[in-house]
Structures are given as C-alpha cells and as structure tokens.
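**Student:** Spelled out from the first residue to the last, the chains are:
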Amino acid sequence: MYNHILSIILFTPLVGAIILLFVPKENEDAIRWIANIFALAGFLVSLPLVPWFWAQASSPERFKFVEGAANNWIPTIGAGYYLGIDGISFLLIMLTTLLGWVSILSSWTAIENRVKEYYVWFLILQTGMLGVFMGLDFFLFFVFWEAMLVPMYLLIGIWGGPRKLYAAIKFFLYTLAGSVLMLLGILFLYFHHHTVTGVYTFSIPALYETAPKIYSDPAYGPTIATLLFLSFFFAFAIKVPMFPFHTWLPDAHVEAPTAGSVILAGILLKMGTYGFIRFSLPFFPDVITHTKVRIWMIVLSIIAIIYGALVSLMQKDMKKLVAYSSVSHLGFCTLGIFALTPLALAGSVLQQFNHGISTGALFLIVGILYERRHTREIAEYGGISNVMPIYATITMIMFLSSMGLPLLNGFIGEFTILQGTFMENWRWGAWAVPGVVLAAAYLLWLYQRVFFGTVTNPKNEKLHDLTPREVFTFVPLLIMAFWIGLAPKPFFQILEQPVNQLVQNVRNPQAGSAVNAVLQAPGSEEVSTTSTENLRATKEKN
Amino acid sequence: MGGLAYNWNDYVLALPITLLALFSIGILLIDLMIPPETKWANAVTALIGVVFSAAGVYKIQLMLDQRHSAGTIGMMRTVIMDRFALYFFYLFLAGTAVAILMSIRYMKDEHENHGEYYALMLLSVIGMMCMAAGGDIVLIFIGLELMAISTYVLVGFLRRDRRSNEAALKYLLLGAFSSGIFAYGLSLFYGLTGHTNLIDINRELTRILAHEPHNPVAIIALLTTITGLLFKIAAIPFHQWAPDAYEGAPTSITGFMSVAVKAAGWAMLLRILLWGLYPMRTIWVPMLVFVSIATMTGANFAALTQTNTKRLLAYSSIAHVGYMLLGMVAGSATEFSIDGLKGILVYLLVYTFMNLGAFGVITSLRHRNVIGDELDDLNGLYARAPVEAVLMLIFLLSLAGIPPLAGFWGKYFIFFSLIESGHYALAALGVLYSVFGLYYYLKMANAMFMSQPEGGRLPVSWSMRIALAVTGFATVFIGIMPEKFIDIVNWTLGMPQGATTARLFVR
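Residue numbers (our numbering), protein chains in the order written: chain F, 178 to 719; chain D, 509 to 1015.
Hints may contain errors.
Restraint ranges, calculated between C-beta atoms of paired labels, are given here [claimed, not checked]: (1) D:Ile556 x F:Thr374: 31 to 39 angstroms; (2) D:Val898 x F:Arg471: 54 to 62 angstroms; (3) F:Thr424 x D:Phe981: 37 to 45 angstroms; (4) D:Pro961 x F:Arg646: 26 to 34 angstroms; (5) F:Thr631 x D:Val898: 28 to 36 angstroms; (6) D:Thr805 x F:Leu217: 45 to 53 angstroms; (7) D:Trp548 x F:Arg549: 52 to 60 angstroms; (8) F:Ala207 x D:Leu530: 36 to 44 angstroms; (9) D:Glu882 x F:Glu601: 57 to 65 angstroms; (10) D:Thr805 x F:Asn204: 47 to 55 angstroms; (11) D:Leu540 x F:Asn204: 49 to 57 angstroms; (12) F:Leu584 x D:Gln960: 45 to 53 angstroms; (13) F:Thr424 x D:Ile556: 25 to 33 angstroms.
Hints were generated in silico from the structure; no laboratory data involved.
Glycine residues also receive a C-beta, built at the ideal position from the N, C-alpha and C atoms.
So here's chain D without its partners, still in its complex pose (with noise of 0.2 angstroms):
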C-alpha cells in the first residue's frame, strides 16, 4: 500500500468527517454573531451539517458502488471503508439528527442555550466514524476520546444542576480510567505483534497463536483491551458510570449516549474483536458469555427497583446490551455466525429510534419547574397528551420486543442465531429475561395510561413532534415491513440474496 502519499481517494473517504468539522466550527463562529432569541439557528446549522455529511456519506457508497467493491482502505491504511462503516455512519448521523431535534426547546428550558452544544455532538459524531472505519488501533483510540470527551461535556452541560455536574465528574473519571486501561491492552497487542494496524495484528495474532495457543501475553492483551471495550458499551461488571451519566446527563443528551455513543461503542467492539482478535475468538467467547449473563441479570433485576425513568430506561439499555453480545457468542468456537452479527446490526438499528424516542417522551415532560423524570411525572400522561402516551406505549413495547414492533426483529435475529448454532440454554435464558424486561416497561405504561393525571395538557414543541414522528414512525414501520431493513443489513455484510456467508473481511 502506497507510502505516505495521500491521494484524491482519501479525501473523498474523509469528507463525511471533514463536512462535520467544518459545521461544529462554524457553528461555534455563528454563535457568536447571533442574538439570543434565534438560537435555534444553531440547531438548524447542525442539522443542516448532519445532512451535508450523510450527503457526504452517501457519495463513498456511490463510489464503492461504481467500482463493484465491498469496501476500500484508504489514509495509509488506518482507515477501512467498508459498508460495514457506512452502515454505522447513516445510524450516528439519523440518531444525532433525532437527538438535535430532541434538543431545541428543552435546552431553551434549561437556559443553556449555547452553540457549543451542537458543535460537541457534532464533534462527537466525528470521533464515532473514526471508530467505526478504524482500520487501525491509533485511529481507533484517537476517535474514542474525541467521542468520549465531548461527551464529557455534553454530560455536566447543565452548569446550574449538581447532579450534571456529579455526572460529568464521575463519567469523566471512570471512563479516562477505562480508555486508560484499553490503550494498555492496545499497546500490550502493539508490542506483542509489532503492528498497528487492524489486519496486520490479525495475521500476526494468527502466527503467534499457531505456535502457542495460550500465549501469556496475548491473554492479558486481550483481558484488559476487553475491559475497555466493555467500558464503552456499558457491560456489567463495568457499568458503573452508565445510570449515573445517564441520570445526570441533559435528558436530550441522554437519549443521544444511549444511542449513538452506545452504537460507536459497538462499532469499535465489533471492529477489533472481529478484525484485530478474530484468532482469539475461542478465548474471548467465554468471557462475553459470562459478561452477557451478568449483563442481562444485574440490569434486569436492577431495573425493577427503579423510580427514576431516566435511570431506569440506564438499566434497561444496559440489560438490551446483554442480549445483543449473545449474537457474538452464536456460532461455533472458531466461526462467528453471520446470523449472529446481523442480529446485533438490526437491533442497533431498531434500538436507535426506539429507544430515541423513549427519551423524547421524556425530554417533553421538561417544563417550567418541573424536571419531569421520576416514574410518577408519567401518570396519567394520556391523559394530558394522548398521542406522545400512545407513541411511549409503541416504543416501551417495541423495547420489551413484543411483535410486530421494531424492537422483536433485534430479538429475533439474536435469538435465532443462538438456536441455529446450538445455544439452547443461552436463548431460553435471554428470552425469559425478556419476560423481566416487559415488568418494568409495563410499570411505565401503567404510570402513562392508569394513574390519574397530575397537571394539564402537556404542551409539545414541533420539533419534539418531528423527532417523535420520525422515530414512531421507524419503530412501526421496521417492525410489519421489515423486509427493506433486512436487505440493507444484508447489504452491509455484503450478503447477496438468499447467501449465508458474508465477504466480511477487507483485504
């Protein structure tokens, strides 16, 4: 691959990324020019900059398409560009796009108003397509801080509430401590292999193991990069920070963690575990059957007790990343299923806009002087908003994966790939935790539809209504159509019609 030269292919691959920059920028100069009444200027400009992007994103898919090709490794091989990539840029882009649209009148709320708000989402969603089109461990770590960081501060946005604050301070401490562990297991693979880069580590890996399949330091390796990556997505025992950050987070934000930071957690998982550490597989299996089981478990029976639905909704998105490592566990000790993999795309699909949209709900009931997140904020809201009652109804539903709603197809394809590989305990287990899921859904419903109401109507922003419409809107529509979604995932994995196995690899 051709030395230190770029050339006009790695432009185009960075142009999604470059069109972000340029408008997080911007935004930060125009702020600064206009008055506080139009703020909301700034909420149009990064959506305006999200379009360009997904524009931008939508030209690599057109030039891969025009070459016949399932991907290009481009910037001195640090970045893969593969549909693998582009599937997770369109998901960071719809969900921050939702989540800015979640923001508007809920930030002017809060009297926090500012433009660098949009410009750290924006910025943010830069560090996710670095992680998700990371070809190499550098370019990885360098886009999970710029993610994690903004985020940081996204977070402790709400200068004036401690718990933000408490929230920020607590995220940012536990996740430089995660991200500090997850360099030392990349370095550790660095000096065990002599590589960066995603593919080389592959091959050495490879070689390595073939002479000594438990090679001490390989193990290590692999334990504390595990952790990191774990970390990120919130897995019991290292999920810690999540309610808390979640909690304490501008709900708008939250909604916007538990969808688009979570999916770039899963991107780089996906992408080192499957690309990098593929050769440990058989190592790093049992662990994640563990880890889902903790998962599913703690977070489940936490949730239960929860009055806060911020919280709990922290706990059910920490239980749903439970069931999605079961479809990294489907398949064999050496042979990942391919089944498997698209049941943890579709559900990180169907998850975006179902769980966005929970948050929506929530970030409505922001108003005056109520902070509207306890359970008992939601009694009786059929009553004072009977179609945002109805869409929570849809979407608490669709998370708990009750057909036909979006949410079962992720169920569905995680659960279908643990039969076809054998895992029968495995799936009798996720499904009946499901039935535990449904509980705490309900006790949500019941708040929403059979407790007497508290307050008037609930007044709702157009922007918050695009945002729910959108979302509720995706929720059902995935969930009786599902056939157009399945073939993009299929696509994504460079399926053809009907195929069972995947050209998943790059080379």
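Here chain F stands alone, though its shape is the one from the complex (with noise of 0.2 angstroms):
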C-alpha cells in the first residue's frame, strides 16, 4: 500500500462512482449511504499519507512516493502514468479529500432529484481533482485538468439555480479558453525538450531541466519565454480568477448547489495557484524575474484584493458576497507567490488551504439558510442568532477565520504573505493590507445584518437549528481551522522544503536545484506574537 497511496487515493472516488452506476436510481437511500461511504473512504486513505509524508517531508528528493514511470502509457509520444507529490500538493490534496467528502456529506438532503447521477458524477470530480495535484506527467495532468470541467460542468447545469445554463457554459468556455492556449504551451515544451535532448517527454521533472533555458536560448530568446509564459498564465489566472479574468466566478458559484460552490471555491480556483507554483515558477525564471511580468502579478493581486473586497461589501446576495471575497483571498494567494520569498510563498500555500477550509464553510453556511428558506437575500434575514444559536456560532467562528483573525487560520496565512511581501518590497505590503480591513468590514456587516438584532421577517420564526448531520459537516472544518490558527508550525516545516527550493530555483536558475541555504521556517510563536499586534494596530487605525 505505501507505494500506491497515491493511486489508491486517487482512484477511491472513482470506484465508488463504478459501484453506484449498478445501484437502480429508485434507491436513493442505499445510493446517498453507497456515496458518503466512499467519500469518506477517499477521505480516510488519504490519512495514512499523514504520517508517512511527515517522516519524509524534508528528505531531498523533490518529489516523494512516485509512481509509475515518465513513458508507460502511450510510450510513442513519451507520456507515462507518473504520479509523485511534494510538500505543496500534499496539503492540497488533503485539502482536496477533506472538501470532497464534507460536501458530499452535506449535499444529503440538499439534492433531492438525479441523486444517482448528482453522486457519480461528483465522485468522478474528485478523482479529476486529485490527478491534477498529483499528476508529474504533464499530459496526465492536462487530461485531469481537463476531463475534470466536465463532471463540474453537469454538476452546475443540472442541480444548479435558475441560471444554471448559463453559468454552466461560460463555466465551461472560459476554463477551457484558457487551458487549450496552455496546451499549445505544453505541446511547445516538449517539442522544446526533444530539439535540446532529442527525447519525446512529458515527464515534468524532465522538463524542468530543459525549460528554463529557453529564455537565453538565442534560438527562441526572451520573447518567445514570455509568450509562453503568457500561454500557462492564462490557464491559471482564468481558474484561480486574477482580476480581469474573474467574471465566470461569480455566475458559477451563485447557480451552483452547495456543494459544487464549495468544491469550486475549496479546489478547483487552488488549481490555478497550484499552476503558477508548480509550472510558471519553475519553467520560466527568467521571465519572472528579467521582465515586468512580476509587476504586472502584483498589480493584479493587488487589485483583486481590493476589487474583490469592495464589490463584496456591496453585495445583496450571500452566495455572491462570498463568491467575490475568494476574489480577493486569492489575490493575496497570487501575491505571495509572486512576491518570492519563501515566507510568503509558504504563506500563499497555506493560505490556500485555508481558503478552502474557511470559503468552503462559508458556502455551506450559505446553503443550509438557502436549503431552509430558498432565499439568499441578505434583506430576508435578520435576528437570525435567536431562532439558530449554534449555527450563529458556528458562522461567527468562521467568518473570524475567513477575515483572519488571530488563532484561526486565516489570521496565519495572510500575515505570512503580508510579511513575506513586505520583505521583498514594503509597497506591496502596504497595497495589500485594506484588504485584510475590508473583508472584516464585509464579513461582520453580513454578521450583524443576517444575524443580530430581532427577527424581522416572520416567515424566519420556525427556522429550525442544525441537523446533528449538519453539525458534523463542520466539524473537520472547525478543527482544522483552530489546528492551524493555535499550531501552524508542522504545516510550515512540510511547505519548507519545496518552497525553499522554489524560490531558489527562481531567484537563481543556474544554481540548480542544489537547496542548502534553508530559510527558517517561521515558527508559530513568533509570527503570532509578532503579527497580532500589527494587526491590532492596523485594525485600531481605521
């Protein structure tokens, strides 16, 4: 089993999938059960990979538990089912089986027609979703990340709300626009790497070797590097969404179902980041650091951190407050990543995982007052902490993690980026932070507006409390947000390594990948103490 976790996690999904295709539809009981048992079992195999990750995070290699070889599927073209993962797709993919199975747990009752279908084709997502964070073949990869919009694409359409169609097909169109521009990228590549080496491959630690070199190759030079470089941006900035690129955002998690926008948010927007860590970073150096390609990253971080965070504020609708505050929680993402430092590189990672873990909740907090009341409205509700005590409480704790307040884990992944940012350039920083002031300001308004004061809306008198189903949906979340907020430092001591490496390679290309000059990881005592009062300052400013 140690050798084929990966496959085991990745293809768990799948079998269920398989397994509920020979259950008659009419049984949606054994159906549901069939799901959440094997959403709970992709869930529980990736949790040997815990332990055993951690005895080897900081061993050299870059890429642990690889399997399968660079050219063993279609040997002619040189691509090979190869799998292998490293500190940043770790936590990613643990992101990813967690996610997947709470949004299938809470999806129970929330989907009541198709539910075969609604189970098989978000058992087939997740097995996409895996391969992409898994895949070291680039082709492999290109066919997850591919085959992956498909099964997201029915799952808007047909369980969506009343715009699904819609928002289905521009979901749809504007991730594939971008990924068959970065298939030409891919296909340049490795064209690239057989004129230098003379040997057809996909293998990305192959390409690794030979892409960067494209940049000083005077055959191609630095206009070719960027364009190429332009090519995978695409890709990436559509999914994750950079700012000019984020339209289909909004569209697609308002008429998605609950569980779809959690997937979304939690997953598939942290493909896009995955991308530009682990392709944009390393092919193209030169790019990065020669040409004002990083400036223009940081540009448009910055302003979908504030972009984001202002549409927020002025938002009627619950679902697309939240849709538009991954906006802006992503553009701090990009913005460690681009900022290069392995601070706010690892920050950016962690970041993301907890974007996942909080946006998810969020998205479930929507939908369980959505699945009692069919209304997002924010104007609906009102008072609503006297007729649901516990789910008030249970959003509280997550709306102060998604603002990023100190011992949740928001408050630890945003000011890792903001510090790391602030060693490389104080600017950047200083751009950056109204954003951590403005989703306070959006969050706690909805707080005080759906929540606070007295019942305004008679029709939300009967609203009962969480199901004990509906409690235990948030309970991994709620752990693993206090886990990283109070004790952060095992999740940095595993992101040290690669992303040490990272930036090195970025910083300094010709160095290879010889990584001795470890950067300290940031201990959690220290960038707590440290951090909360600047925070606290900041807050008291404004």
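Reassemble the complex: the two chains are provided individually, in unrelated frames, and hints are given to aid placement.
**Tutor:** In structure tokens:
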C-alpha cells in the first residue's frame, strides 16, 4: 500500500462512482449511503499519507511517493502514468479529500432529484481534481485538468440555480479557453525538450531541466519565453481567477449547488495557484525575474484583493458576497506567489489551504439557510441568532477565520503572506493590507445584518437549528481552522523544503536544484506574537 | 512497367473491390426474391460483403508484409496499393459497416427498405477505394464519380420526403459542377505534362517548375484541381452543398457521408497534393492557409445559430475539415510535416467513430411520427434513454476535443505539427476555434441533460445498439489507450518505431 498510496487515493472515488452505476436509481437512500461511504473512504485512505509524508518531509528529493514512470502510458509520444507529490501538493490533496467528503455529506438533503447521477458525477469530479494535484506527467496533468471540467459543468448545469445553463456554459468555455492555450505551451515545451535532448517526454521533472533555458536560448529568446509564460498564465489566471478574468466566478458560484460551490471555491480555484507554483515559477524563472511580468502579476493581485473586497461589500446576495470574497482572498495567494520570498510562498500555500476550509464552510453556511428558506437575499434575514444559536456560533467562528482573526487559520496565512511581501517590497504589502480590513468590514456587516437584532421577517421565526448531520459537516472544518490557527508549525515544516527549493530556483536558476541555504521556517510562536500586534494596530487605525 | 498484360498480382489488388461489386449485384438480385418482412437480409448480406472485402484487404496486407514492401503498383500503374491505401480501405469499410447497422431500423421506419440502398452503399465504397488507391488521375476521377453518383441517389432515397429530394438535386447539381471543374484542372495537368499517372506528373512538374517556377498553366490547373478537391471535402467557400445535403439525406446516409465519403475526399486530396502536385507545395500551402482559416471561422460561426441537429453537425464537420487542413499546412515551405499528415490520418480515424456515433444517436430519435432531427428532439434524452444520452455526451465532448477522448488525439497531432514547424499563430487560432466549437456541442448536451423530456422511453433497436457500442467503445478506448492506434498510423506512413521521416513515396 505504501508504494501505491497515491493511486489508491486517486481511484477510491472513481471506484465508488462505478459501483453507484449498478445501484437502481429509485433506491435513493442506498445511493446516498454508498456515496458517503466512498467519500469518507476517500478521506480515510488519504490519512496514512500524513504520517508517511511527515516522515520524509525534509528528505532532499523533490517529489515523494513517486509512482509509475515517465513513459509507460503512451510510449510513442512519451506520456506516462507518473504520479508524485511534494509538500505543496500534499496539502492540497489532503484539502481535496477532506472537502470532497464534507461536501458529499452536506448534499444529503440538498439534492432531491436525480440523486444517483449527482453522486456519480461528484465522485468522478473528485478523482479528476486529485489527479491534477498528483500528476507528474504534463500530459496526465492536462487530461485531468480538462476532464474534470465535464462533471463540474454537469453539476452546475443540472442541479444549479435559475441561471444554471448560462453559468455552466460560461464556466466551461472560460476555463477551456485558457487551457487550450496552455496545451500549446505544453506542446512547445515538449518539442523544445526534444530539440535539446532528443527525447520526447512530458515528464515534468525532465521539463524542469530544459524549459528555463528557453529564455537565454538565442534560437527562441525572451519574447518566445514570455509568450510561453502567457500561454500558461491565461490557463491559471482564469482558474484562480485573477482580476480581469474573474467574471465567470460569481456566476458559477452563485448558480452551483452548495456542494458544488464548496468544491469550486475550495479546490478548483487552487488549481490555478497550484499551476503557478508548479509550472509558471520553475519553468520561466527568467521571465519572472527579468521582465515586467512579475510587477504585472503583483498589480493584478493587489487589484483583485481590493476590488474583490469592495465588490463583496456591496452585494445583496450572500452567496455572491462569498464568491467575490474568494477573488480577494485568492489575490493574497497570487501576491504571495509572485512576491518570491520563501515566507510569502509558504504563506500563500497555507492560505490556499485556509481558504478551502473557511470559504468552503462559508458556502455550506449559506447553503444551510438557502435550504431552509430558498433565498439568499440578505434583506430577507435578520436576527437569525435568536432562532438558530448553534448555527450562529459556527458562522461566527468561520467568519472570523475567513477575515483573518488571530488564533484562527486565516490569520496565519494572510499574515505570513504580508510579512513575506514586506520583506520583498514594503509598498506591495502596504497596498494589500486594506484587503484585510475590508474583509472584516464585509463579513462583520453581513453577520450583523443576518444574525443580530430581532427576527424581522416572520418567515424566519420557525427555522430549525442545525441537525446533527449538519453540525458534523462543520466539525472537521472547525478542527482544521483551530489547528492551523493555534499550531501552524507542522504545516510550515512540510512546506519548508519545496518552498525554499522553488524560490531558490527562480531567483537563481543557474544554481540548479541544490538547496543548501535553508531558510528558517517561520516559527508559530514568533509569528503569532508579532503579527497580532501589527494587525491590532492596523485595525485600530481604521 | 510491363505492358498491357495483367498478372496475378493485379487480381489480388482488385480483390476487395471485386468482392464488393459482387455483393452489391448480389443484393440487387436477392432483393427481388425475398418477401418484404425479411428485407433485413439485405443489410446482413451487405455486412457480409463488407467483411469479405475487409478480408480481401487483409490478404493484400499479408502479401505486402511477405515481400517486406511498403507498397506495390499494379493494374498498368494505375493503382498504388500502399499502406496508405490499405489504411483508408479499412476506414471506409469500418464506417460503412457501422452505417449499415444504423440503417436497418431507420429505413424500415421510413418505409424505404429496399435492397438498392445497401447495394449503392457498397458501390460507393468501390468508388472510394479507387480514389484512395488511385495512382492515375483517370482512375481517381472514375472512382470519384462512382462514389458521387451513388451518394446522389442515396441522399434522395426518401422519395416521399421533399427535403430529401431537394437535397439530392442540390447535391447533384453542385457535385456535377465541381466534378467538371476538377476534371478541367486534371486535363490541364495532362496537357502540361503529357501524363495521367501521378508519379509521372510529379516528375514532369518538377522539371517544368525548375525552368519556370510560376508557370501560368500549372497555376490555373492547380487552382481548378484544388477547387474540385476542396469541394469534395466541403471546405469553405466550397461548402454550400453540405448543410443542405446533410439535412435532407436519410440520417444514416448523413452519417455515412460525413465519415466515409469525407474520408474518401481526403484520401483523394492527399493522393493528388502529396503524390502528384507535391512540387507545387509552395503554391498550394498559402491557398490552404486561407481556406482553412475561412473554414474554421465560417463553420464555427454558422454552427452557433443552428437549431437542426443534422445541420449543426454538418457545420461541425466542416469545421473539422478546417482543423485537418492545418495539418497540410504544417511543415516548411517546401517540405510537408509528417506529423501533420499523421494528424490528418488519426483525425479521420477518430472522426469516423465519434461522428458516426453522434449521427447514430440522432438516427435513433426517428420513430413513428417524430422526425427527430431538431435540437428540441434531444430534450431530456437522458430521462428517455440514459445510455444513449451518456454516449452522445461522450461523442460530443470527443468532437470538441476534450481529453481523454479520441477526438483529442486528432487535434493533438495537428497542433503539435504546427508548433513543431513554428506556425504558432495558426495553432493559437485553431485551439481557440475549438473552444468555440464546444459551445454548440454543449447546446446539444444541455438539451439532453438539462431540459424536460418530451415523450416516453426511446426504443433502440439491437443493430443500433451494436453500432453505438462499437463507436462508443472506440471513442473511449482510442482516447485512453491510443498507443496501438498511433502505431497503426505510423505503420501506414511507413515509419519504423520512433523514426521521424516516412518512406511515403512508392517509386
């Protein structure tokens, strides 16, 4: 099992989907049970990875648990079933298995028609997403990257809200438009690798060796390298989504069923940032450090942070508010990536994990109200804390986590990003800070309007509080939120090696993969003391 | 090459064609003898004919393998029987077999269950084989006409349906017109070079163009010839006949036309441009660039607004021609790209299955009083026939080029060949148009999965199930395990494992 752990994690949901195909569709409870069992199994089989990965977290090789080979799938073109993870993908995989389980659990009563299809597509989606984070073969990665669009499209299109068709098609076309350009980029790197080495291969570690040389190769030069960077950039920027490419997101999030939104925000968006980290940084170090590309990325990230937060502030629909808050939070993540300090990058990865936990929970929270009242208009609610006290408490914790309050996860991520960015250029950090304040503003204001005061709308008087199942869906998320908030050190230790290596490679590509200068991992105690003061100071100013 | 005598070799080379001819005549005779209830026997006979013919092709393949040769020339140098031809033979036969399976219930529902239908299909395959294996422009032209005339009749086979009649007439007029232009071009080449054999034409053209690179007669001849060729593969601006003919024809014939007839057009185009007119590559490449951009643009935009599924798929198949033409463009000014050619061959292979599958699903919508070719007829198909709906989704996504389905591989090799030869802008344009394509395929998927069903469960005949199972399996299997099929195409191009140059030309 040790050697095939990645395959097992990858295919457990798919096996569940195949088994579900043979269950008659009238038997809805059986379908729900089987789907939940496999979702839970998908999470459980990923748990052994935690101690195993921990044991070799600081071993020097870049990818661990490598499985398969670079050309064992389609030898003629050099594509392989080739899996492997490092600290970054490890965290995202754990996030995927956890959120996949939580969102399938949360769908128990939310989905009432075409139950069987729903779970089948959901489980297939789960496999697709895991494949994206595990693939070490560019081709395999691309297959998962594209194939996972199909179930998501159907989830939005069949079980979505009133404008589901529009949202589903927009989502599909938008993301596909970005990724086909990436395909051309991949093909170029593949072809370039062949001209340099005489070998056709899609192996990502192999391409790491040749792709950075395109910039200084007289046959191609900076222009081609920049174009290549852009071909990848569009795919990832649309997925993240970065500022001018974010318009699909509010539509898709608002129309998707609750669990779909959780997965969209929690995991699909991370594929974009993961792409930047896994491909854009190591493939095009010179483009990032020697051209204006980097400053553009920073500017777009800062715009996303401020703009996303401002737009959130003005929303009348709760789900849309959460959707736009994702734009803002993901802006922090991309800022952390392109700040190019190990600290900021580690913070960015951790913040991606945090965002999955917090925003996933926020979508569940909105979904619970929607399931009871079938409306998400903020104006329809008020004084909910009187009728649903448990719900209100959990919501409060999750809101605080999302806005980055100390002791909770969001704080650690955002603070580390800002700290790392300040180290690189204090102006970038200064521009991003208002995002933190605005996040507090839109979330607290939302909380005040929905939960505080007396019950204004008579329809809300009879709302019943959370059922045990619903509470149970939040438990893992709450545990993670507190864990990261109180003791983030293990997370940083996992990230330390890949992040240092990555930043070093980008800053100094000639040095190769030798990582000797290991940057000190941000200790949790140190971080939390200094940062609490800073943040408090910022908040008092406003 | 030896005189006017035929030898044993020639009879073997003609085996697949002879067998098909015998079976088609046989069907016409048997049809007279069997009662109306057992008309399905005609289809069975036709299927057996296809199998026998495939065995004949295999016999030739074995013969070539025994001699370790990539191909042989026979029938007084009119036939080039190389692996390229064999590949297309198999493709035609596979497409025809599936189309026959699709037809059985459909033609019965249309009350047009006559033996001629299957006989004509087999006859048109004979024409296609002559086009694919033709080494002489006379044989190619005769093959083209045999195929075209059979198809004209098949398009108009629904005598009581006015759309079908109209389509047949349009197709006949425009087809005859284009054949005329094509023949004119070929006759100019004959006049210029004094030969009808493609290899001789190639040699003479090289000599003539060496003296005079822009020989006006050669250019006019090329223009008219290429017009005829583009007409047959329905590339814009010579595509006008396609949507009408596709819409009016019996749906099973639309499927047949969109794969087998189209593949034959491609075989002819490749034969003529790569064997005969290869010296003029510098002249025809810019033309094809223009045509391919026009085709992708025009077809993708036109498809957006279609409400008839057959017309929509007609425009989609025109768009696919645009992508395939890019494979001809790939390569340098004077040297074609073997990867581009590989892309075209792979594309035709996967296209045969996915497009026939899609037409198969549409064919099965026809029953009793429902014609079943409007977009609305797909509404709620998932509730009415879940397996078919999922298969249709697979075909549509494959047409859109989503991995890991077969359609992706066609596009993969085409775009790779473009990247390889530095045509970055064309590649970017091509992939962006393929995103465009997804939109109208999703329109059909939306109707199937997200609309309310009209009507009860859809009955699907056994022969149709077999047809859909074959096409669906091929679409998924080629997509996930393409290794074997890439090897077949490499074999076709005479590429030893991993080699980059092909021994394409039989001397």
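**Student:** Per the hint of 49 to 57 angstroms, is the separation of the Cβ atoms of leucine 540 of chain D and asparagine 204 of chain F within bounds?
**Tutor:** 54 angstroms, holds
**Student:** Do tryptophan 548 of chain D and arginine 549 of chain F keep their Cβ atoms within the hinted range of 52 to 60 angstroms?
**Tutor:** 59 angstroms, holds
**Student:** So does valine 898 of chain D sit 54 to 62 angstroms from arginine 471 of chain F, Cβ to Cβ?
**Tutor:** With a Cβ separation near 45 angstroms, valine 898 of chain D and arginine 471 of chain F fall outside 54 to 62 angstroms, so the hint is violated.
**Student:** Please check whether alanine 207 of chain F and leucine 530 of chain D have a Cβ separation lying inside 36 to 44 angstroms.
**Tutor:** For alanine 207 of chain F and leucine 530 of chain D the Cβ distance comes to about 57 angstroms; the hint is violated.
**Student:** CB of leucine 584 of chain F to CB of glutamine 960 of chain D, is that within 45 to 53 angstroms?
**Tutor:** 51 angstroms, holds
**Student:** How does the Cβ-Cβ distance of isoleucine 556 of chain D and threonine 374 of chain F compare with 31 to 39 angstroms: does it lie in that range?
**Tutor:** For threonine 374 of chain F against isoleucine 556 of chain D, whose Cβ atoms are near 52 angstroms apart, the range 31 to 39 angstroms is violated.
**Student:** Using the beta carbons of threonine 424 of chain F and phenylalanine 981 of chain D, state whether their distance is inside 37 to 45 angstroms or not.
**Tutor:** 39 angstroms, holds
**Student:** A range of 28 to 36 angstroms was offered for this pair. Does it hold for the Cβ distance of threonine 631 of chain F and valine 898 of chain D?
**Tutor:** 52 angstroms, violated
**Student:** Go ahead and decide if the range 26 to 34 angstroms is satisfied by the Cβ distance of proline 961 of chain D to arginine 646 of chain F.
**Tutor:** For proline 961 of chain D and arginine 646 of chain F the Cβ distance comes to about 33 angstroms; the hint holds.
**Student:** Taking 47 to 55 angstroms as the stated bounds, is the beta-carbon spacing between threonine 805 of chain D and asparagine 204 of chain F within them?
**Tutor:** 50 angstroms, holds
**Student:** Is it true that the C-beta distance of threonine 805 of chain D to leucine 217 of chain F lies inside 45 to 53 angstroms, as the hint says?
**Tutor:** About 50 angstroms separates the Cβ atoms of threonine 805 of chain D and leucine 217 of chain F, which means 45 to 53 angstroms holds.
**Student:** Could one say that the CB atoms of glutamate 882 of chain D and glutamate 601 of chain F fall in the range 57 to 65 angstroms?
**Tutor:** Since glutamate 882 of chain D and glutamate 601 of chain F have Cβ atoms about 60 angstroms apart, the given range 57 to 65 angstroms holds.
Of the hints listed earlier, those the structure fails to meet are numbers 1, 2, 5, 8, 13, in rising order.
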